[in-house]
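Line by line, the protein sequences give chains A and B.
Under our numbering, think of the first position of the first sequence as 1, with each following residue one higher.
Under our numbering, think of the first position of the second sequence as 1, with each following residue one higher.
Don't read these hints as lab results, they were simulated from the structure.
A virtual CB, placed ideally from N, CA and C, is assigned to each residue, including glycine.
Check each hint, because a few of them may be wrong.
[What the hints assert, rightly or not] Computed cross-link-like contacts, EDC-like style, restricted to lysine to aspartate or glutamate with a CA-CA straight-line distance of at most 16 Å:
1. A:K88 to A:E22
2. B:K308 to B:D79
3. A:K88 to A:D213
4. A:K63 to B:D163
5. A:K63 to B:E295
6. A:K88 to A:D44
[As the list claims (entries may be wrong)] The following residues of chain A were derived to be distant from chain B, with all beta-carbon distances above 12 Å:
7. S74
8. A202
9. E222
Spelled out, the chains give:
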Amino acid sequence: MRIEPLGDAAALVVLGEGTGGEILQQVLGLAQGLEASRAEGIEDIVPAYNTIAVFYDPLRLGKGGRPPFDEVCSWVEARAASAGSRDKFPGGRRVEIPVCYGGRSGPDLPEVAAGAGLSEADAVALHSGADYRVHAIGFVPGFPYLGGLPERLATPRRATPRPRVPAGSVGIGGSQTGVYPFATPGGWHLIGRTPLVLFDPARGEPALLRAGDTVRFRPISEGEFAKWK
Amino acid sequence: MEVTVIRAGMLTTVQDLGRAGHRACGVPLGGAADPFALRVANLLVGNPESSAAFEITLAGPELEFADRTVLALCGAEFDGVPSWHPFELAAGERLRFGACRRGCRGYLAVAGGIAVEPVLGGRGTCLSAGFGGWQGRPLRDGDLLGAGEPVRRLAAPPRWAPDPRMIPEYSAEPVVRILRGSAGPELFQGLVAGRFRVGSHSDRMGIRLEEPALPGAPPAGSLVSAPVAPGTVQVPPDGRPIVLLSDAQTLGGYARAAHAIGPDLPLLAQLRPNDHVRFREVGLAQAHAAAIEREHSFTLLRRGIAQKFA
């Protein structure tokens, strides 16, 4: 583990170089431990893949004359030293996301399926048959960075991004898959669309997903999509 | 008190000092790109310094105020509107922003603050997700907003302004202080050695520097996405640095060559296309000392203003 300044108001805790389920467990365990013991002046704790950012207010830390960054480091190191015993991340929730694949909801499904040498039905079965881990939330509010796309479905990004991708679109970009929470421009291949709202600031927990969750996509019909409340 | 938007201007949004605490679910800090100017503008009209105000970009709006009110504009300077000191408008009077003379973003504070509900702890507009501020979007012609009840009332706006020594050295070619990033010495040295032109695609998410492009940026997809912060200087594979501002996304996948220090973010927020910027290295202790000095001048300003309102 090493800790480096991320500017003058944050510290980046780097737990290792690689990514994957194992290091994500360590990251989430430590992030959870830091969250549980956070002190005055700590603004945000952001886990992502193999790092945790700790955002702090340099004016509220360092009251005893100690540099604020050193204070953050001591806290993180002390917590990490004991993390093995107490900060076990329980493994996250399992979240099912209904997806209407293909048709108008997923105009690029034929292209993705052809690229994988599969029928559309088999491509849908492959995409909806896998478990995806949320490694981080970012890019836009509520957007999950998902790991676990079956290699066969990996498809390079579109040469020309679409100026507007509808909210809820499920896409594939390179070896990643994800769900667009908002209507934005986007360069991923769109294979389907979920009626779920990924981010709603009026909800108690605005984002549907958290880092550490496991996502499974469930195919639904156009009729079910239309009726979804 | 009602505020009618006669003309909205290029990009006028409601902003405050941001909404920390929700980065883990991808919500940017947000708030004023130049928090210094927003804080001073609020103080000058007797508001708490985090009150919601208008952030006005390059081509300003035309606004009509239903009642007599006290206003202050800080940051960018516009023809037809006084800067850096409070002024009064009569009931029904219109405020027309002329050409932007200096800087890029002006902050117009209204006594009582712009009355919008906080969302996730902030009153600023989150443009990427369309929430907060005024209906989650920039102002449009014909919008009708409200201002709150002033905490303290001025009989007549006093003729004073903050000590010019406390105002950041706004410039069309500022020198911005940076801390080393994790990307290694080559990109950092390139930043310190260069004089960079500000690109036209710069926005509240970041200042895009067009030239010179830096050699040595890692290729696309070679880095794991990791958290970034306002001030982070990212270098994408094309070598053209991006300095992140308050609406920056919470994670980035490019090389982090450096980080502009918090007290110099106002200098960046006031850059406009074709301005230039240079960078100078400082250490973390100097960055924090600069932040403490900035807060000290705010303490003095608050104290001075409290006396004026007494």
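Practice task
Decide, holds or violated, for the assertion that all CB atoms of chain B are farther than 12 Å from the CB of A202 (chain A).
Solution key: violated, 8 Å
Handout entry: Hinted pair K88 (chain A) and E22 (chain A), Cα distance within 16 Å
Key = Distance of about 12 Å is within 16 Å: holds.
Practice task
Mind checking the alpha carbons of K63 (chain A) and E295 (chain B) for me, to see if they're no more than 16 Å apart?
Solution key: Holds, at roughly 14 Å.
Practice task
Examine each Cβ of chain B, and state whether all of them lie more than 12 Å from the Cβ of E222 (chain A).
Solution key: holds, 26 Å
Problem - 12 Å cut-off, C-beta based - S74 (chain A) kept clear of every residue in chain B - result: holds, 15 Å
Handout entry: K88 (chain A) paired with D213 (chain A) [C-alpha distance capped at 16 Å]
Key = Measuring from Cα to Cα gives roughly 15 Å; hence the hint holds.
Handout entry: 16 Å Cα cutoff - pair K308 (chain B), D79 (chain B)
Key = violated, 27 Å
Handout entry: Proposed proximity, D44 (chain A) with K88 (chain A) (alpha carbon, max 16 Å)
Key = Given that 16 Å is the threshold and the Cα spacing comes to 20 Å, the pair is violated.
Handout entry: Hint consistency between K63 (chain A) and D163 (chain B) [alpha-carbon to alpha-carbon, up to 16 Å]
Key = Roughly 28 Å between the alpha carbons, so the hint for K63 (chain A) and D163 (chain B) is violated.
Hint compliance for this structure: hints 2, 4, 6, 8 are broken, all remaining hints hold.
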